[in-house]
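Residue numbers (the working numbering), protein chains in the order written: chain A, 13 to 125; chain B, 143 to 250.
None of these hints come from the bench; they were simulated from the model. Backbone N, C-alpha and C define an ideal beta-carbon position, used for all residues, glycine too. Check the hints yourself; a few may be wrong.
[Unchecked claim] For lysine-lysine, the following DSS-like pairs were computed, each having C-alpha atoms within a straight-line distance of at most 25 angstroms:
| no. | chain 1 | residue 1 | chain 2 | residue 2 |
| --- | --- | --- | --- | --- |
| 1 | B | K237 | A | K36 |
| 2 | B | K237 | A | K90 |
| 3 | B | K237 | B | K195 |
| 4 | B | K195 | B | K210 |
| 5 | B | K210 | B | K237 |
| 6 | A | K80 | A | K36 |
| 7 | B | K210 | B | K197 |
| 8 | B | K237 | B | K196 |
| 9 | A | K80 | B | K237 |
[What the hints assert, rightly or not] Some residues of chain B that are not near chain A, with every Cβ distance over 12 angstroms (derived):
| no. | residue |
| --- | --- |
| 10 | P150 |
| 11 | Q156 |
| 12 | G170 |
| 13 | I207 |
[As the list claims (entries may be wrong)] Facing chain A, from chain B, some residues (calculated, C-beta under 7 angstroms):
| no. | residue |
| --- | --- |
| 14 | T154 |
| 15 | A155 |
| 16 | F240 |
| 17 | Q242 |
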Amino acid sequence: DAGVIQSPRHEVTEMGQEVTLRCKPISGHNSLFWYRQTMMRGLELLIYFNNNVPIDDSGMPEDRFSAKMPNASFSTLKIQPSEPRDSAVYFCASTLVGTGELFFGEGSRLTVL
Amino acid sequence: KNEVEQSPQNLTAQEGEFITINCSYSVGISALHWLQQHPGGGIVSLFMLSSGKKKHGRLIATINIQEKHSSLHITASHPRDSAVYICAVGPGAQKLVFGQGTRLTINP
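Let's have the full structure, built from the sequences with the hints guiding it.
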């Protein structure tokens with residue numbers, strides 16, 4: 013299996029631009045997570061889905077952030093408009109509910125100038 | 143006080159040394175995870191444990207539920223073990239709380 017696949021690996025954009033991060037979970041996994049990692053705050057859960065349904069989005073910073081999972085093999089995290097404080101590494105992870113073990117993607121490093 | 147505390151925050155050692163990284167937590171858990179993150183790289187799950195001890199190669203993880211404490215040990219450390227090690231706990235994968243990580247550097 014190819015593992016969790018994220019794109020892009022690196023994104024540099026200017027303040028105010030829309031950013032879309034993509035994630036393909038491991039086939040067969042039914043739970044997907046979006047995390048943000050910064051030096052100051054470490055890893056933080058933004059949102060997670062079970063069976064493509066958003067279960068908890070309390071970690072989403074504000075209305076500028078949105079996430080979708082239109083099917084079992086694809087999810088997006090969108091930031092519109094982006095701000096410099098959104099600069100971070102965004103990780104996607106997936107698991108099979110009940111097993112507990114998380115599989116992470118390589119991350120998307122976002123820099124907002 | 144953070145819900146998950148790791149110590150030390152930074153650790154530098156010589157190749158071959160025995161390494162111990164500690165994790166203490168204050169929340170109820172069903173499992174504790176140890177994760178590894180190489181510089182600029184992704185995150186890899188090393189262990190998930192809810193009791194006792196697990197071993198994988200040169201890595202050993204232990205947990206004491208009563209004490210709310212876990213340790214990650216590396217025997218015969220090698221420069222390729224240099225990474226950030228992150229402890230995470232929670233009632234399930236859905237509500238993990240992460241420690242700040244321990245940055246390990248193994249010098250040849």
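Hints and how they fare:
Between K237/B and K36/A the alpha-carbon distance is near 21 angstroms, which keeps this suggested pair within the 25 angstroms criterion. Simply put, K237/B and K90/A have alpha-carbon atoms about 22 angstroms apart, close enough for the 25 angstroms limit, and the pair holds. Restraint check: the Cα-Cα separation between K237/B and K195/B comes to about 23 angstroms, which is no more than 25 angstroms; the hinted pair holds. Proposed proximity of K195/B and K210/B is supported: the alpha carbons are some 14 angstroms apart, at most 25 angstroms.
Proximity of K210/B to K237/B is assessed by CA-CA distance (about 17 angstroms); at most 25 angstroms being required, the pair is judged to hold. Annotation: proposed proximity of K80/A to K36/A holds, straight-line Cα distance about 12 angstroms (limit 25 angstroms). A threshold of 25 angstroms between alpha carbons decides the hint, and for K210/B with K197/B the separation of about 19 angstroms falls inside it, so the pair holds. A C-alpha spacing of about 23 angstroms is found between K237/B and K196/B, which places the hinted pair at or below 25 angstroms, so the restraint holds.
A threshold of 25 angstroms between alpha carbons decides the hint, and for K80/A with K237/B the separation of about 19 angstroms falls inside it, so the pair holds. Once the 12 angstroms rule is applied to beta carbons, P150/B is consistent with being away from chain A; the minimum gap is 16 angstroms. Residue placement check: Q156/B keeps its beta carbon more than 12 angstroms from all beta carbons of chain A (closest about 27 angstroms). The beta carbon of G170/B is kept farther than 12 angstroms from every beta carbon of chain A, the shortest such distance being approximately 15 angstroms.
No Cβ of chain A approaches the Cβ of I207/B within 12 angstroms, the least distance being about 16 angstroms, so the stated non-interface status holds. Taking 7 angstroms as the C-beta cut-off, the interface hint given for T154/B is violated, the closest approach to chain A being about 19 angstroms. The restraint placing A155/B at the interface with chain A is violated, with a minimum CB-CB distance near 23 angstroms, outside the 7 angstroms limit. Checking F240/B against chain A by beta carbon gives a least distance of about 4 angstroms; that is within 7 angstroms, so the hint holds.
Evaluation of the Q242/B hint against chain A yields a held restraint, the C-beta minimum of about 5 angstroms falling below 7 angstroms.
Going down the numbered hints, you'll see the structure goes against 14 and 15, while the others check out.
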